[in-house]
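Participant: Sequences are here, hints too, so could you generate the full structure?
Here the protein sequences line up with chains W and L, keeping their order.
All residue numbers for the first sequence refer to the working numbering, where the first residue is -4 and numbers rise by one.
All residue numbers for the second sequence refer to the working numbering, where the first residue is 1115 and numbers rise by one.
Source of the hints: derived by calculation from the structure; they are not laboratory data.
Treat the hints with caution; some may be incorrect.
What the hints assert, rightly or not - When the alpha-carbon atoms are kept at most 20 Å apart in a straight line, the in silico DMTMM-like pairs for lysine to aspartate or glutamate are as follows:
#  : chain 1 : residue 1 : chain 2 : residue 2
1  : W       : K207      : W       : E678
2  : W       : K207      : W       : D271
3  : W       : K627      : W       : D594
4  : W       : K305      : W       : E260
5  : W       : K662      : W       : E208
6  : L       : K1206     : L       : D1189
7  : W       : K207      : W       : E117
8  : L       : K1206     : W       : E311
9  : L       : K1210     : L       : D1138
10 : W       : K581      : L       : D1240
11 : L       : K1206     : W       : E260
12 : W       : K207      : W       : E260
13 : W       : K627      : W       : D103
14 : W       : K244      : W       : D269
15 : W       : K627      : L       : E1207
16 : W       : K581      : L       : E1176
17 : W       : K581      : L       : D1138
18 : W       : K627      : L       : D1138
19 : W       : K484      : W       : E427
20 : L       : K1210     : W       : D422
21 : W       : K581      : W       : E626
22 : L       : K1230     : L       : E1176
23 : L       : K1166     : L       : E1207
24 : W       : K244      : W       : E146
25 : L       : K1206     : W       : D323
26 : L       : K1265     : L       : E1207
27 : L       : K1206     : L       : D1240
As the list claims (entries may be wrong) - Simulated restraints, written as ranges between beta carbons of each label pair:
#  : chain 1 : residue 1 : chain 2 : residue 2 : range
28 : W       : F683      : L       : S1145     : 44 to 50 Å
29 : W       : D195      : L       : Y1218     : 36 to 42 Å
30 : W       : R328      : L       : E1268     : 41 to 47 Å
Built from N, CA and C at the ideal position, the CB exists for glycine as well.
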Amino acid sequence: MISTLLAAALITCQAADSTVVLDSITVSGNSKRNYQLRSTMSGLQISHQFLETNFAGSLMQTLESVPGVKAMNIGSGQSKPTIRGLGFNRMAVVEDGIKHEGQQWGDDHGLEIDQFAIDRVEVIKGPAALLYGSDAIGGVLSLYSNHVPRERFQGSVQVFGRTNNEQLGISAKLGGRFGNFFYRANATLIDYADFQVPTDSIQYYSYYIRLKERRLRNTAGRERDWSVMAGYDGYDFHTDVRLSSNWAKSGFFANAHGLEVRLSEIDYDKSRRDIDLPYQSVNHIKVLSHTLWRGDVVTVDVNLAYQHNKREEHSEPVSHGYMPRPGDSLERRFTKSTATANAKVTWDINDRHNLSSGASVEYQHNRRGGWGFIIPDFETLQCGAFVLDKFTVSNQLVFNAGVRYDYGRTHIHSYNDWYKTPVSPGDSVFMERSGDQRRNFNSFTWSAGVNYNTGGWVLKANVGKSFRIPIPKELGADGINYHIFRYEKGYAHLDPEQSYQLDAGIHWSGKSLTVQVDPYINYFPNYIYLNPTSTYVEGLQLYQYTQARVLRWGLEAQVNYEFNRHWSAEVKGDYLYARQQSGDKKGFTLPFSTPWSADATVKYSYSWRGDGFVSVNAHVVGDQNEIVPPEKPTPGHWTLNAQAGKHFDMGRYVLKITFHADNLLNKRYYDHTSYYRLIDVPEPGRNFSLMVGLDF
Amino acid sequence: MKKYIFAALILLAVTACGDDKNRDLSYPRISTADIEASPTNCHEYRRGEVIKFNYMFYDDTELGMFNIEVHNNFDHHSHSTSSTECTMDPNKEPVKPWVFNQGYNIPSGRTEYNAKVDIPIPTDIDTGDYHFMVRLTDMAGWQQLQAFSIKIVE
Chain W
-4 MISTLLAAAL ITCQAADSTV VLDSITVSGN SKRNYQLRST MSGLQISHQF
46 LETNFAGSLM QTLESVPGVK AMNIGSGQSK PTIRGLGFNR MAVVEDGIKH
96 EGQQWGDDHG LEIDQFAIDR VEVIKGPAAL LYGSDAIGGV LSLYSNHVPR
146 ERFQGSVQVF GRTNNEQLGI SAKLGGRFGN FFYRANATLI DYADFQVPTD
196 SIQYYSYYIR LKERRLRNTA GRERDWSVMA GYDGYDFHTD VRLSSNWAKS
246 GFFANAHGLE VRLSEIDYDK SRRDIDLPYQ SVNHIKVLSH TLWRGDVVTV
296 DVNLAYQHNK REEHSEPVSH GYMPRPGDSL ERRFTKSTAT ANAKVTWDIN
346 DRHNLSSGAS VEYQHNRRGG WGFIIPDFET LQCGAFVLDK FTVSNQLVFN
396 AGVRYDYGRT HIHSYNDWYK TPVSPGDSVF MERSGDQRRN FNSFTWSAGV
446 NYNTGGWVLK ANVGKSFRIP IPKELGADGI NYHIFRYEKG YAHLDPEQSY
496 QLDAGIHWSG KSLTVQVDPY INYFPNYIYL NPTSTYVEGL QLYQYTQARV
546 LRWGLEAQVN YEFNRHWSAE VKGDYLYARQ QSGDKKGFTL PFSTPWSADA
596 TVKYSYSWRG DGFVSVNAHV VGDQNEIVPP EKPTPGHWTL NAQAGKHFDM
646 GRYVLKITFH ADNLLNKRYY DHTSYYRLID VPEPGRNFSL MVGLDF
Chain L
1115 MKKYIFAALI LLAVTACGDD KNRDLSYPRI STADIEASPT NCHEYRRGEV
1165 IKFNYMFYDD TELGMFNIEV HNNFDHHSHS TSSTECTMDP NKEPVKPWVF
1215 NQGYNIPSGR TEYNAKVDIP IPTDIDTGDY HFMVRLTDMA GWQQLQAFSI
1265 KIVE
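Facilitator: Shown next as structure tokens:
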């Protein structure tokens, strides 16, 4: 939302993204240090070069190298981000300053963004409601794809592949600049087969599923993305427009779509590259405009965007309970349109005070289709305004403080079943699954922070309040979730979820040693929780939305040491504790609690006709015995991984090769936060990925 | 201001640690122990006959509720949780399939319960292969599931 503003601010404060100097694993260099000094929040900037050099098969997997950031595996080789254990609607994904709006509430919904179009990434850990409005409780993943070309004609082509799911992909970028005018275009094609797991069979409850060639049936997929952009980039005026489309289709694991084990007439084993039922397809179209006027003391930013997200989920029609067999395979369709506008004014009052103020409006229109009901039709309107002052006491000491007010309005439509259910002898009705309801929400949030640096030390502290407006599924759901085979019931009177967080950053950098510790403590007076009850409704276990007090705390730590010009080592890790303090599940943790994890990496860097490196990494994950129904405890594991990268400078061309080897020992392990954990599907086995790119 | 919030949060953290006990982390059990359990996998019933449901339920803390559901398996869409495979009739389209779906309470405070339910099979329903599903919860929300294949004949 207002993120745009921050985005724009960052773009203006910073030169082109390529100036961020990156080491392979940790981000370093002046620009990063400046960023660390400027901001009181716990944030991290990741450049294009880092993303390319550390390409781990997908953008989210690459970002997992940031402590506190995890990719939840949702099957089909796709993943969704979490920051400090919070994902779904508790973190914001922002592209070029506009909040990305898909169906992010879904357990098995990926991120509809072309990862190869991303120039750089900024990760904000901790609450960022002040700038981003609702949802940015866990943090913000801010993606930028608006880098301005500097040459008359420039571009790059990347070819990449993965062995585990036999993925092949190609991505190309072109761009050019004529005086102050510029253009950009890019396209990405990806195709992958069913992915492999190091097991011959899967046992779930006492169902026994034999796998053919250790592959998860029907998890193949495809992706087709493109974008075009044109703009004007002058000294004190910049404007651009970008149109992008992201299309993907992928299968769901055929033997256990959701939690019901199914046998089917479909011959899934005839090809490992085809996509049969059940599958999902999604198309996300986005038009985005960004304009900036820069005066001597005042800067104005305006962002406008329209997003259209169309998702369909198809599965074999079968009868269930009183629902007869539907006539087609369309189980769910969601068509969501989002219009966003935001503006920010930044005013350098004097040497000490920099005041910024902004406002944003977002309108969403969501329509459903298909025979499976999970969320009602709805419209929402959200408006917010903030003011933030940055007070620079000296070069060493910076304070900032701000307040924000948000207003939200949701209109949920009623929905009745398309089939009749008997309610008494001789009488049957089209059951109402969602009532017509209108809700208004208000939220006042604030944040304050301090940044102090002296010698090699940077010390930060930030305290703030964030919020999240309940989504229509939480307010209005009242029916069977066929993907997970449970009955989900919303609660119309949920309050906006609130979160208070205190976090600190203690960073020390010496000549060859860098140490970084980022602790946080986080309290929710009313965390919205989908509570598994002991009750049955229509034959399925009732899960009911409720609010509970929740306390979470954790930390990330990282140590880097450079032995000499060639050799360096890194150790990093994170830990998270979460506990429900009230309600039915008092004493329990939250669902999908991230276990502790640590990484140790040794790296050899060299320079021969361009930079290169080789590194070996051990990734260790602890046991997770903190569970809530219906989770299972997950034993810890460790994997051995290796990586190599090389740039060949060839005049005006640069050839880039990146190699990544995951799970070299082909260990069989479970990821506690994976969607497939509930059905006992282990994580992918050994995988090699290779990317070859040519910049021109 | 900040100090107070910090202090409050620390206090919460400290109080939080006291709550760690008495969390129920185990599933309830569906058992055939010491009783003549019914139905069993692959059992054949006639229309108009009564299924005498009889199973033992156990939980280490407190049992919740159970549900019995019967639906047709004319398309052989899934198999039972039992290791034995039953002989199936050929696939067919349902005309008037039997749908039975009923939740039952368990008296509160029980850690063991002998569930006995008489389920009459209607006389006018399609014959063929059916699934008989038993679902059991405990108070904490853990669920156990057991599925049987049964056949209903003339």
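Participant: Would you mind marking each hint as holding or not holding in the structure?
Facilitator: Status of the hints after comparison with the structure:
Distance check on the hinted pair: K207(W) and E678(W) sit about 16 Å apart at the alpha-carbon level, within 20 Å; holds. Distance check on the hinted pair: K207(W) and D271(W) sit about 16 Å apart at the alpha-carbon level, within 20 Å; holds. Between K627(W) and D594(W) the CA atoms are separated by roughly 24 Å; this puts the pair beyond 20 Å, and the hint is violated. Under the criterion of a C-alpha separation no larger than 20 Å, the hint pairing K305(W) with E260(W) is inconsistent with the structure, at around 29 Å.
A threshold of 20 Å between alpha carbons decides the hint, and for K662(W) with E208(W) the separation of about 17 Å falls inside it, so the pair holds. For the given pair, K1206(L) sits about 7 Å from D1189(L) by alpha-carbon distance, which is consistent with the 20 Å threshold. Proximity of K207(W) to E117(W) is assessed by CA-CA distance (about 41 Å); at most 20 Å being required, the pair is judged violated. Distance check on the hinted pair: K1206(L) and E311(W) sit about 16 Å apart at the alpha-carbon level, within 20 Å; holds.
For the hint pairing K1210(L) with D1138(L), the CA-to-CA distance comes to about 42 Å; that exceeds 20 Å, so the pair is violated. A threshold of 20 Å between alpha carbons decides the hint, and for K581(W) with D1240(L) the separation of about 47 Å lies outside it, so the pair is violated. Distance hint between K1206(L) and E260(W) is fulfilled; the C-alpha atoms sit about 13 Å from each other, no more than 20 Å. About 16 Å separates the Cα atoms of K207(W) and E260(W), which keeps this hinted pair within 20 Å; it holds.
Note on K627(W) and D103(W): the hinted pairing holds, with a Cα-Cα distance of about 19 Å set against a maximum of 20 Å. Taking the CA atoms of K244(W) and D269(W), the gap is near 11 Å; set against the 20 Å cutoff, the hint holds. Between K627(W) and E1207(L), the direct Cα distance comes to roughly 38 Å. Violation of the 20 Å bound is thereby established for this hinted pair. Using a Cα cut-off of 20 Å, the hinted pair K581(W) and E1176(L) holds, with the two alpha carbons roughly 16 Å apart.
Among the hinted pairs, K581(W) with D1138(L) is consistent with the structure: their alpha-carbon atoms are about 11 Å apart, no more than 20 Å. Restraint check for K627(W) and D1138(L): satisfied, since their Cα atoms lie roughly 13 Å apart, inside the 20 Å limit. The hinted pair formed by K484(W) and E427(W) meets the criterion: a straight-line CA distance of about 12 Å does not exceed 20 Å. With a C-alpha separation of about 17 Å, the suggested pairing of K1210(L) with D422(W) holds against the 20 Å cut-off.
For the hint pairing K581(W) with E626(W), the CA-to-CA distance comes to about 16 Å; that is within 20 Å, so the pair holds. For the suggested pair K1230(L) and E1176(L), the alpha carbons sit about 18 Å apart, so the restraint of at most 20 Å is met. Pair hint K1166(L) plus E1207(L) does not hold up; C-alpha atoms about 28 Å apart against a cutoff of 20 Å. A distance of roughly 36 Å separates the Cα atoms of K244(W) and E146(W); the hinted pair therefore is violated under the 20 Å criterion.
Pair hint K1206(L) plus D323(W) holds up; C-alpha atoms about 18 Å apart against a cutoff of 20 Å. Taken as a hint, the K1265(L) and E1207(L) pair is honoured in the structure, with Cα atoms around 16 Å apart against an allowance of 20 Å. Distance check on the hinted pair: K1206(L) and D1240(L) sit about 10 Å apart at the alpha-carbon level, within 20 Å; holds. Between F683(W) and S1145(L) the beta carbons are some 48 Å apart, a value that agrees with the proposed interval 44 to 50 Å.
Range check, D195(W) to Y1218(L): Cβ separation about 39 Å, and the 36 to 42 Å hint holds. As the Cβ distance of R328(W) to E1268(L) is approximately 43 Å, the hint placing it in 41 to 47 Å holds.
Violated hints for the displayed structure, listed by number in ascending order: 3, 4, 7, 9, 10, 15, 23, 24.
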